[in-house]
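What follows is each chain in one-letter form.
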Amino acid sequence: MTAYLIFFFTVVGIYAIAVIGLNLQWGFTGLFNAGVVGFLAIGGYTFAILTGPPRADFFGGFSMPFMVGIAGAIIASMFGALLLGLATLKLREDYLAITTFGIAITIQLAALNSDWLTGGNLGLHGIPRPLQDLFESNAAYGVFYLGLVAVTLGIVYWGVEAIVRSPWGRVLKAIREDEVAAQSLGKNVLRYRLEALMLGAGLMGLSGALYVGFIAYISPFDFMPIVTFQIWTMLILGGSGNNRGAILGALVVWAIWSGSGALVANMLPPVWQARGGALQSVLIGLLLVLTLLYRPRGLIGEETTISRHVTGTTGAGLTKKKETKA
Amino acid sequence: MLNARSLSRSFGRLKAVDDVSLSIAQGGITGLIGPNGAGKTTLFNLLAGSLQPDSGEILFQNRPIQQKTPDWRFRHGIARTFQIARPFPNMSVLENVLLAAPAQTGEAFWNGWFRQGRIGAEERRNQDRAHEILEFTTLGRLAHEPAASLSGGQRKLLELARILMTDPKLILLDEPAAGVNPALVETLCEKILALNARGITFLLIEHNMDLIMRLCRPIHVMAQGKMIFEGDGAAVRSDPRVIDAYLGDVM
Amino acid sequence: QGCTVNLGGILTLTGTQGDIGKAIGDTAQMAIDQINEAGGIRGCRVNFILRDDQGQPQVGVDAAKQLVEVNRVQALIGTIGSGVSLPILTSVTAPARVTQVSCCSTSPTFTQLAIEGRTGGYWFRTIPTSLLQAVASANQTIDNGWRRTAVLYVNTDFGVNMARDYERAIKALGGAVTMMVPFNENQTSYRAEVQRALSQPHDSMMLIGFPQDGSTVAREWISLGGSQNLMLNNSLRSDQFLTNVGARFLNNAWGMDNAQVSAPSVEQFNRDFQARFNRPARGPGIHTVYDAVVVTALAMHAAGANADGTGIRDQMRRVISLNGEVHGTGVAGIKGALDAITAGRTIRYVGSTGPFQFDANGDVTGPALIWRIQNGQFAEVRTLDMDAMNALFARVNAAPR
Amino acid sequence: MDPLFLQHTSDGILTGAIIALGAIGVTLSMTILRFANFGHSELVTFGAYIALVFVSFSGIGAQPIDPFSIGWPFFAAIAAAGVGTALLALATDWLIFRRLRRSNAARLTFIFASFGAALILRNLIMLGFGASPEYYSRELTMAILIPPGIRVMPDQILVLGLTLVLVVALWAFLTFTRAGLAMRAVAESPTLSSVSGIDVNSVTRWTWILSGGLAAMAGVFFGLTVQLRPEMGFNLLLPLFAAAILGGAGSVFGAVVGGLIVGLAENLSVIWISPGYKMAIPFLLMLVLLYLRPHGLFGRGER
Amino acid sequence: MSAPVLTISNLVAGYVPDVPIVRGASLNVIPGSILTVLGPNGAGKSTLVKAIAGLVPVTSGTVMLDGKDVTSTPAHAVAGLGIGYVPQTENVFTTLSVVDNLKVSGSPSASDTRMAIERMFVLFPDLAERRRHLGRELSGGQRQMLAFARALMRSPRVLMPDEPSAGLSPKMVGIVFEKLQELAATGVAVLMVEQNAKAALRASDRGLVLVEGKERLEGPARQLLDDPRLGELYLGKIDEAA
Ligand SMILES: Nc1ncnc2c1ncn2[C@@H]1O[C@H](COP(=O)(O)OP(=O)(O)OP(=O)(O)O)[C@@H](O)[C@H]1O
Ligand SMILES: Nc1ncnc2c1ncn2[C@@H]1O[C@H](COP(=O)(O)OP(=O)(O)OP(=O)(O)O)[C@@H](O)[C@H]1O
Ligand SMILES: [Mg+2]
Ligand SMILES: [Mg+2]
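Protein chains in written order, with my numbering: chain A, 1 to 326; chain B, 1 to 251; chain C, 1 to 401; chain D, 1 to 303; chain E, 1 to 242.
If you're looking for bench data, these hints aren't it; they were derived computationally from the structure.
Since we're looking at a predicted model, the values are computed, not measured.
Hints may be right or wrong, so weigh each one.
Said to hold, decoys possible - Stretch by stretch, here's where chain E covers chain B in the computed footprint (C-beta under 8 Å, at least three residues):
#: 1; segment: 24-36
#: 2; segment: 153-165
#: 3; segment: 222-232
Here a beta-carbon is modelled for each residue, glycine too, at the ideal position from N, C-alpha and C.
In isolation and in its complexed conformation, chain A is listed as follows (with noise of 0.2 Å):
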């Protein structure tokens, strides 16, 4: 048991960072990246590239440290948000969901077919986890490794953190709001927006190399649209804009999701087995749907990110008159 747990949390804090990834484009900016998936492919396959063994018939297989791997996995993630910003950052918010989502399904598609460089549908295996030769047991490695994740997590929390409660956070919001308006106090809108998509990226890319450093095996079904949704589900059910929410819905979502298919497993009857995927679908989607209804700013709920620097009583006013008044 302690060993799954060491594992889940570690996919856990994997996820998590994608989130907050997530949370700067989406909470922080309003940017409706729904192409998560395709920027952990590029970060996760950039990372294979670089750390893998070397192999016949296949461009990749560097060998390389498991750092350069990582740094390896983000600049490639911005590269390619760069890359996508440029193109599409002047779309409105639903265009860019839905030109992002075919984005993430043509890297899939690419990854599918591109055998030489991604090992195609097979995808590649064997890749190198790094300083396992230390560890004498599988049990102590796993406990590293949640370490080395926790300890990311930490960095990216307050890297974030720090500059969403800046006057560049602010100024986020600000486009967020009303672009023209931004425009006309003399924010570079592109420029910020630019940034935040590039951040955001980078941070997914790296999740993606963590994941695949974390499991040594990569393939095109691990970016398939489904992953994205479940990261838009952690961020919604956490709370978006709001990076603890966004930890507490990775963490949430992912014991559902997993849970509930150890439950479907161990409750139903064994004729029933076969149906429970289904069940267990439904049974998310109704998750989903009520946290919407009963609970629509997420688990933590939206924090008024406010620059740090700010003094002086935070949040919505109205809603303070009204506990005053109650």
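The hints should help you fit chains B, C, D and E with the ligands onto chain A, whose structure is shown.
Just chains B, C, D and E with the ligands now, kept in the frame of chain A:
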């Protein structure tokens, strides 16, 4: 300080601004009036960069700027308000104002990691100024309310507060007094004069003739996309073309 | 029977291959029930914990991790897609030393991994590799006198590998492939792919896919005037395909399967299946999963009460020893096998796919069966025994690539 | 001209017509209901399956009208699918979206609720009908040859004709009637519309009815020319959205053109590019077009 | 003097529960006369008319139209009862053409609507010139005209323009106020919110000053115009805020 030469801009077949030249003297308050749909706001948009001219040239401190983006122009000293107010609805009134503070260190994200101290000091300074400005515009009480909950007039005031937060060389005001209560218009008037005394140049669109008469010299009159008149208050009041097109016989 | 033994299972129960997976899962459960009826493993009830991988590696890995770490299973049946079986093997079962037996993953990569020593010997499969299927199909194509074949294949690891091997084999055996057209699963329409495959003169078509998309592709192909000389892969040997396309168009449809030679054990299984599910035992993975479950259970039984994955691994080949005492399928067959093991005798389990062996890499070897459709019935045409297959492999491998 | 090219072009138009029908619903909900309804695709699926239920009770394959695979009662099935799906759409609105509107939820909340609803609906079909594909009629009809050598199925020509009629009727409704104008007004500002005497709730209901009905048509036609499956709508989702956006949200005519472009792009791409990339083609095209025209072909900017 | 068409008594209304903006306002609007509501920014003037129009929830108090209680009637029904409301901001459909803007507010009869549109175009020739333009292509003043015209389309019995003069040229202000007087002369009751106190009071019959959601001063317009308390009330508000 600002020279517009033969600016033109059409929308389809409509010539909204038609071969207009305008020069704004350093340190003055220039008025711009004209009937509805004359092209005043369009001219503003051309000067502020929200619209591109079809032809013509804009010189700001002897530098052609017609290619520059609105944010560039803002950073180089041209600030504007919107006729139809555009607050950031879900941000607090205070944040709306803080956003306009010029040259903030914290607007580059990497400084959020490496220069916390300096950002903090700057923010405190800006905040003090913002509160001052909000008091002046009677919005002090509402500093922490979301801008969405402001009344129509309060939105115009916020628009003004934001511009006061900046440190521009030239301010373009598009009907700042429309919907603002008469008592406040008085104060507004004084504030413009005070800022002007500090050396800030104004270009002012208004339909409130009292305000125009008191503040502006010279006054430009536009009609149907063209500049039809230029002169001081008395001349404007008595020009038959202006009376016919703009003032009507009510005044 | 106070005690229980956990056996893990991971299959694709939702998604495109959901209905294939469901049938496979039901069959696995039937095998478990029969084992329990036969007395269970060392007198303990077998508790089959079946998890869904939804066709996605992460979900599969997570489920496997839970089965291994939480439910403490020592052997795991699954899964269908090679792309999911692979990460489960490399990051869960092999490191944890748990035996993994797949009913359905055909990719040659596993062979490669085993040769490199990366499976630790914990990998087994009861389905022949795609190469075996491809070679047998290519041989039949040539035997039917078809010389110009268009290949339409599903764009998954299974389809891609098999199509590639088929093309190689066809060339080596003297035929020609006119077009290789992949199609993705779950498309809105396959018209464009079919049209493209039709664009070259051909006398036959090889279709590699699963019943869902496969039916649609075949319907389009026939509607648009394509040749009705068809080679089908083993997944299409299903009633669903037959009824959806229509028997009258399929009188010249042929295919291969891993040999379910007319042996008593095969018949027994087919009867049991019919009795339980009220339909004939046809469809991908049904026979292979039964054997996967039973052979694993027998190995667990043989390995002893406290067997771990390694113990099970070591028994996997022993329960199908060539010179052992033959035991077949069904409750009686399994009971016989269990009792014989308890009594310390060497046995040879002959399964629902007939007799089979695991080679050094965990791959199953066995004869191939050629079938065809006639008057709306699946008919067995002939069997290619091991010698014949080996001869074919030699010819294909000898040909220049 | 290359016959293969012509063939793919005609196939593209036929597929495109069906996509267009679905895309109209998407475009309507995007502008009038003000969110991208990801559950729209499940309406497509339900429409198809409702007709299937109807067909299996009334034995429609029984007397097909030559050369089609279906007979007269099929039109009754189409109508039943339309009505049933419209009711389903109203029900989802009643249960979910109406409440969200009341609590002034953000647009993204709507989109996600629609995701959730889609997940539930899709898996309900899965539980009810199983995952195997179904057909309205198992009869295979043979393609007919049209000079200069294009093969088309008779059913497809029928579908194309019906689609055309539907689209023209809808376009006239939206352009010339008061109800159509009311829809466009609500699309921009519900508050201002209500002040102008428009009952916003009723417009919302009509929008659901219209888009549900059209989705059902798309589903039935798709089922007729391809097959029925629980994920059929889900697989159509991306082409539908691509078409709606290509055309420019809010424009019915745009959605039709967008649908045709998507259909053509998918089919023609196969000539030059590996079919493995087929699904990506409409997007790449969309990307290029949006780069040149950020509001779609017939869309208008917001401010 | 005839009986009031519209009677507001002790109206309490606000956007968020428990935060009243209008706090017990009462007033009467009489057919054939113009009542102007004045007050500092944020006093609740717009909220008051919105509450009457059915856009803001009413907590207590009543709105009576012709002696019938119409409190909390949905906005579209209020419009149907003959109350024409012109919002202060966002008052035209920016994506519809001028003609369509007018059509939307027209009566169900197509021919009536067509005639009404022609009447509006006579009244506002600027709009006639731009009949095919989209709402967002209009200048600020032109939008005000269009918004005003929209409310007139169905010949309402009660007209409630919210700051009709804002953004209009002096000449247009004259025309609009004249038009309001003409309308009143035909028996329409006008409840107008204005900041432009002088011009508005000159054109009205009665005036009312609203401060913090409650009426503080009411009387005949001429009288109010000379009342020193008028200026004080405005300034008083400012002092409070400081
Ligand atoms: N985006 C646009 N598209 C088409 N026409 C436009 C657009 N913007 C403005 N116009 C037209 O250009 C003319 C000038 O408009 P502008 O807003 O400059 O007038 P203005 O002088 O500011 O009037 P007001 O005093 O009413 O604000 C108007 O007739 C208007 O209809
Ligand atoms: N949409 C809203 N949500 C919440 N509060 C609001 C909203 N609109 C206005 N308010 C609050 O109601 C108060 C009164 O607003 P209202 O618009 O009625 O003022 P007004 O008297 O019309 O002022 P003005 O002359 O500036 O238009 C404002 O101070 C504001 O705090
Ligand atoms: Mg203007
Ligand atoms: Mg107001």
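A quick look at each hint next to the structure:
1. Counting residues of the segment 24-36 of chain B whose beta carbon lies closer than 8 Å to any beta carbon of chain E gives 4, which meets the minimum of three for the stated coverage.
2. Counting residues of the segment 153-165 of chain B whose beta-carbon sits less than 8 Å from any beta-carbon of chain E gives 4, enough to reach three: the coverage restraint holds.
3. Coverage of the segment 222-232 of chain B by chain E is violated [criterion: at least 3 residues with CB-CB distance below 8 Å; count 0].
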